[in-house]
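> Given next are the chains, with one letter for each unit.
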Amino acid sequence: MSNPGKTLSLDENRLFPSDPTQRAIARRLYAQVAGLPIVSPHGHTDPAWFAGNAPFANATELLLVPDHYVFRMLYSQGVPLDALGIPRADGRRAPVDPRQAWRVFAERFHLFRGTPSSLWLNHVFHEVFGLRVRLDAGTADHYYDTITAALQGDAFRPRALFERFNIEVIATTEGPLDTLEHHQAIADSGWNGRVLTAYRPDAVVDPEHEEFAGALERFGDITGEDVHSWEGYLRAHRNRRGFFKAMGATSTDHGHESAMTADLSAAQARELFGRIVSGRFSAGEAALFRGQMLTEMAAMSLDDGLVMQLHPGCHRNHNPTLFRRHGRNIGADLPLVSEYVRGLKPLLDRFGNEADFRLILFTLDESTYSRELGPMAGHYPCLYLGPAWWFHDAPEGMWRFREQTLSTAGFYNTVGFNDDTRAFLSIPARHDVARRVDCAFLARLVAEHRLDEDEAAELAVDLAYRLPKQAYKL
Amino acid sequence: MSNPGKTLSLDENRLFPSDPTQRAIARRLYAQVAGLPIVSPHGHTDPAWFAGNAPFANATELLLVPDHYVFRMLYSQGVPLDALGIPRADGRRAPVDPRQAWRVFAERFHLFRGTPSSLWLNHVFHEVFGLRVRLDAGTADHYYDTITAALQGDAFRPRALFERFNIEVIATTEGPLDTLEHHQAIADSGWNGRVLTAYRPDAVVDPEHEEFAGALERFGDITGEDVHSWEGYLRAHRNRRGFFKAMGATSTDHGHESAMTADLSAAQARELFGRIVSGRFSAGEAALFRGQMLTEMAAMSLDDGLVMQLHPGCHRNHNPTLFRRHGRNIGADLPLVSEYVRGLKPLLDRFGNEADFRLILFTLDESTYSRELGPMAGHYPCLYLGPAWWFHDAPEGMWRFREQTLSTAGFYNTVGFNDDTRAFLSIPARHDVARRVDCAFLARLVAEHRLDEDEAAELAVDLAYRLPKQAYKL
Amino acid sequence: MSNPGKTLSLDENRLFPSDPTQRAIARRLYAQVAGLPIVSPHGHTDPAWFAGNAPFANATELLLVPDHYVFRMLYSQGVPLDALGIPRADGRRAPVDPRQAWRVFAERFHLFRGTPSSLWLNHVFHEVFGLRVRLDAGTADHYYDTITAALQGDAFRPRALFERFNIEVIATTEGPLDTLEHHQAIADSGWNGRVLTAYRPDAVVDPEHEEFAGALERFGDITGEDVHSWEGYLRAHRNRRGFFKAMGATSTDHGHESAMTADLSAAQARELFGRIVSGRFSAGEAALFRGQMLTEMAAMSLDDGLVMQLHPGCHRNHNPTLFRRHGRNIGADLPLVSEYVRGLKPLLDRFGNEADFRLILFTLDESTYSRELGPMAGHYPCLYLGPAWWFHDAPEGMWRFREQTLSTAGFYNTVGFNDDTRAFLSIPARHDVARRVDCAFLARLVAEHRLDEDEAAELAVDLAYRLPKQAYKL
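Protein chains in written order, with the UniProt record's numbering: chain W, 1 to 474; chain C, 1 to 474; chain D, 1 to 474.
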């Protein structure tokens, strides 16, 4: 078969240092972790995939439309989201042939050179679909046809891929109003894939969330609590956390604009909540309420044992034109300057020394790694550091995370890798990148005689497998 | 001839990794870009040099007096600016023999070890003047004599050097009051060196600029507009932008204390401008006016197609003693904490999605690379990232720029290199450093199997040549 | 003797790059500095050790109890400070067998993998105590017995170790109320070890220090000045600075929450001081007073020639529960966002250009290295950069310090290494790490042809020995 494309290969030494000493060590370390099961304690895959186990539609639907890493880059280079078939805010789409959208992407695949998206996608192309030519304008149709055809087979249905990917456990993320019906369906189905949920209450915790008022109503309906009273509102959270936990959840997750926390008296909190439910509150009061709710969630974690995650510091929906046209999650979120030392103090003053409380911190502001997060995690018993997140989830970002937190937090105040993705097919690729980068990092420490290789080998397994299970109680 | 100095050499592998795998790749990549013409889309050379083509005076006048990178370091180690013959604020100078000033510099050349100045200067010494001993106290006179003698020859006149340096196009930077007579003279001369201007209106945009009031008067005179009315003032800008464009300009440049922008209504803007021209305004109003003017300039860019550059975040003239004695641009400028996500929002809300608008962002605050600039450029169609700037224009700074923007902005939302210099002779050295560092960076990606070498080779040419031409419409 | 542990070795190439070219250069550079005497211009060893020369008690008392780097990490992983025998705020301790505390530590020594503590401790174990097995649960008693036994011998008394460590000079740090009796005793003893003090007046400069009121009283008593008047208070400082200088001090040190300075008129300062001594002041006034005192201290430095050090940006005692239980210095200090360009301006406006004034700046916020500190030190004659400090005093932190300050400050606006420690035995280890990292850094510059090796060799000696002596006037 004559194929016009250039060869696509995945070198077995990819992401390892080229220095022969370091590379040899990295290879030996990686050999011990390459085959370990995937533990995915935080992410955004859709439980409906595993409940329904329906085949994915085509290359564009599977790999392009859900991946904001991909279409944000294309958009930055002048491709309208409509040309890719990204849904509008009203759920409708521009009339775009998915093959044509794929071509638009393929012609511009060079834009991703050096980015993590190219690492992940090439891994998927090569390992999942067996493609052996590089993606470009000339191979666009070959790709589209190959992928779309493969997706029709049973081996490419969600559960089959889950098993093929050697996923031991995966957590999805649901809002407090979610009925968890897909998780129930999975449990009822007899399939033994382990798909957990996590409690993410932002829509009923952030008074500035566009769905807050309606979500609060339904929060009352679903829990039978008077959620317009402070005590009832808190009980409603306890109620839903209990339900999520009963459905397998081991963690909660909180996406806040900042890591600011508060520790108001009950009377102050009640009064603040009154203003919040009245709808007449200032931006400062909204922020204070969110901060107070972090402390309340920590208190509940102490009771129910759910591990708390905090993902702060994102300016959501920065682009109002696109927000109006296409809604949320279309790549227009941007990192903000973040602060933790003063922001988390109210929460830590209450719960920082509790051995049974666990708070995993993330950041989009890397200047906090060495200045705040490492030193904090290296002191407070409750604090752990989540891995390099979102914009920083690339080999360079992972390396900076390790390099800037190691001296103060060590390895054992970190929690291993999170793929944090809705791009299901990229999960093995993402974990593979993380494992390779950690092995490369450890190899350097060994080559420079800061660790013995047996210690590095133990660490490699800890980072890839043991720490996430432990940190997330999986 | 017996020469007392140590050997000065420029190793052909300088700035390449010492790892043999990476070095070999870097050499191959560099071989493809080493001979490319220089595209210099932003800088501060003096167009009078190319208009008049007069010889440079001597080593001190050419290499020491105009280079604040050099004399700031000497000053930091106790050398008074007068000892180097740096002009006073009134234009006069201390009575210093230029040879003696050169000796002061030569005796302290070790202070520059490891700095970009030593890279650039040694390149100039070796390549432009053929010197083969290192500069130090013992070789000071040899240097002074060799350089000063060479400058008398026709081969060292500005136009001859321009051609020898293989400069395809260079942009200078002029204020809105500039008559561009030198650019006109160059055009009229029949010489085919391409020397463009760029529109830098700071003196009539920043109400706190010490020349603002007078500059505004002359801005009215030169344009024939009533620049004390908001509409007339804006028309005056359009007028001068048009003139600059007619004279070849393809870009504007804006040096602001911050990246804060505003998007006032016409009525609010008119009222604010009224306070500005009255001279009775607060610091906050001055800042707001500057922010509004960035948005106005963006609007004009959309009309006339001039590419907009923003160089924010510098505390100018930090040292008041030196400012009184020696004026501006004497090395006492310092970087400030910078913010872009919130600051640029008003401008981006209006023009962020315009395909025909182009805004190139620079920073002196590297913590914004991964936190703000990379993610922003990787989303907004109008945004591009200028290269590592000023204090960061060193191999380490260039490397950090790439490493911290690659994963979110890729390579194709960057614009190649700017030398941004008034040190004409250093231009080939600076471009050579940039090309070498980019090749070294790419070589690492290839050696770690993240790019194929043919992709890296294309990228090397893109970064050195194609992207600046494209980004700046050259 | 059958020993169950794994081999502990200190590779002679530790911390050197594994690239053979770079490693060979690093080894040659290091050979020239490995044996140089230790110059320790800033630290927290106890002068009583050298005055009394009593033996240290046991492994736990020597290596665990005084080292907050060690017990903060253990605490972060759930070990109560009481289990380690860390003193309570009232001076008493939980009844803990030191051997048992040592076991708790030994069982968790893997937590320190990759951290500077493991580098330092393994160096001490291997070089000072001749241990050849790794520390872990199985070797805990072997370690405890070996170390504790060794400490009984004369060779392990403080003065013998001082000599064995080849310390040319060491500075301790004392408060203004200190009688310096131990320094006097050392001077009177005829022992020729050079142990200097440094003037650290925080307790009488920071109105929010918990001991301020009482310390101020005693400050009056000890100096015979009316310290409730502004002029008397300043005279008291001059008095104590003079006494410290007479006792050998060459420097002062200032630990402030920020680098903010002020330059009030005498009348304003007098009025502010009145509010401070009245005890009725706001947080802003306390901060303003601290800022004013930095400028006053600079003025005094100009008179008496003491070198000024500023260690800003730390949130002390972040954990109120632990502060109540165990007091200060128990590992609960955290870095804060820091700013220098605007903060230091008032002080620099007055003294920035003084050739006889010297101010050494430190930071806990690494984002200031390239943004503020490097550019400032590369301009102001009075400014020098202290080395990577506290949380950043690790190989990676040292490397970032060099990499991010080199291009703007060069090497010669830095002051070599500070061990800044109260862990006496770790001093040779810490200096060795610093020397190795600097040699590795220089080796890379040589291998990439940015320095000649003879220049790097000179620099290696400058950084390890000449610069600290010069900067601190030792």
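Since the hints were made in silico from the structure, they are not lab data.
Incorrect hints may appear among the rest.
You can't tell identical chains apart in this list, so a pair holds if it fits in one copy or across any two.
Simulated crosslink set (SDA-like; lysine to any residue; CA at most 25 Å straight-line) [unchecked claim]:
{"hint": "1", "residue 1": "Lys-6", "residue 2": "Val-461"}
{"hint": "2", "residue 1": "Lys-473", "residue 2": "His-142"}
{"hint": "3", "residue 1": "Lys-6", "residue 2": "Ala-160"}
{"hint": "4", "residue 1": "Lys-473", "residue 2": "Leu-36"}
{"hint": "5", "residue 1": "Lys-345", "residue 2": "His-68"}
{"hint": "6", "residue 1": "Lys-469", "residue 2": "Gly-153"}
{"hint": "7", "residue 1": "Lys-473", "residue 2": "Arg-108"}
{"hint": "8", "residue 1": "Lys-345", "residue 2": "Ala-283"}
{"hint": "9", "residue 1": "Lys-345", "residue 2": "Trp-49"}
{"hint": "10", "residue 1": "Lys-245", "residue 2": "Trp-49"}
{"hint": "11", "residue 1": "Lys-345", "residue 2": "Val-79"}
{"hint": "12", "residue 1": "Lys-345", "residue 2": "Gly-327"}
{"hint": "13", "residue 1": "Lys-6", "residue 2": "Leu-336"}
{"hint": "14", "residue 1": "Lys-469", "residue 2": "Leu-272"}
{"hint": "15", "residue 1": "Lys-345", "residue 2": "His-315"}
{"hint": "16", "residue 1": "Lys-6", "residue 2": "Arg-159"}
{"hint": "17", "residue 1": "Lys-245", "residue 2": "Gly-255"}
{"hint": "18", "residue 1": "Lys-345", "residue 2": "Leu-234"}
{"hint": "19", "residue 1": "Lys-6", "residue 2": "Glu-455"}
{"hint": "20", "residue 1": "Lys-469", "residue 2": "Gln-77"}
> Next, verify each hint and record whether it holds.
Cross-check of the supplied hints:
For a Cα distance limit of 25 Å, the shortest separation of Lys-6 from Val-461 across copies, 20 Å, qualifies, whereas the shortest one inside one copy, 36 Å, does not. With identical chains, the CA atoms of Lys-473 and His-142 are never at most 25 Å apart, being 44 Å at best within one copy and 35 Å at best between copies. Taking the closest pair of Cα atoms, Lys-6 and Ala-160 never come within 25 Å of each other, the shortest separation being 30 Å inside a single copy and 45 Å across copies. In this homomeric assembly, Lys-473 and Leu-36 come within 25 Å of each other (Cα to Cα) only inside a single copy, at 18 Å, whereas the closest approach across copies is 51 Å.
With identical chains, the CA atoms of Lys-345 and His-68 are at most 25 Å apart between copies only, with a shortest distance of 21 Å across copies and 34 Å within one. Taking the closest pair of Cα atoms, Lys-469 and Gly-153 never come within 25 Å of each other, the shortest separation being 33 Å inside a single copy and 48 Å across copies. For the identical chains of this complex, Lys-473 and Arg-108 are inter-copy neighbours only, at 21 Å across copies versus 42 Å inside a copy, given an alpha-carbon limit of 25 Å. Proximity of Lys-345 and Ala-283 under a CA criterion of 25 Å is satisfied in both settings, with 21 Å inside one chain copy and 18 Å between copies.
Proximity of Lys-345 to Trp-49 under the C-alpha cut-off of 25 Å is found in neither arrangement, the shortest distances being 41 Å within a copy and 38 Å between copies. Only within a single protomer do Lys-245 and Trp-49 lie at most 25 Å apart by alpha-carbon distance; the minimum there is 21 Å, versus 57 Å between protomers. In this assembly of identical chains, Lys-345 and Val-79 lie within 25 Å of each other by CA distance solely across copies; the values are 21 Å between and 44 Å within a copy. Proximity of Lys-345 to Gly-327 under the C-alpha cut-off of 25 Å is restricted to the inter-copy arrangement: shortest distance 18 Å between copies versus 35 Å within a copy.
Taking identical chains as interchangeable, the C-alpha atoms of Lys-6 and Leu-336 are never at most 25 Å apart, the minima being 40 Å within one chain and 47 Å between chains. Taking CA atoms no more than 25 Å apart as the test, Lys-469 paired with Leu-272 passes in neither setting, with 38 Å inside one copy and 57 Å between copies. Taking the shortest Cα distances, Lys-345 and His-315 sit within 25 Å of each other both inside one copy (22 Å) and across copies (11 Å). In this homomeric assembly, Lys-6 and Arg-159 never come within 25 Å of each other (Cα to Cα): the closest approach is 33 Å inside a single copy and 45 Å across copies.
For a Cα distance limit of 25 Å, the shortest separation of Lys-245 from Gly-255 inside one copy, 19 Å, qualifies, whereas the shortest one across copies, 48 Å, does not. In this assembly of identical chains, the alpha carbons of Lys-345 and Leu-234 lie at most 25 Å apart only when taken from the same copy (22 Å versus 36 Å across copies). Taking CA atoms no more than 25 Å apart as the test, Lys-6 paired with Glu-455 passes between copies only; the shortest distance there is 11 Å, against 41 Å inside one copy. In this assembly of identical chains, Lys-469 and Gln-77 lie within 25 Å of each other by CA distance solely across copies; the values are 16 Å between and 40 Å within a copy.
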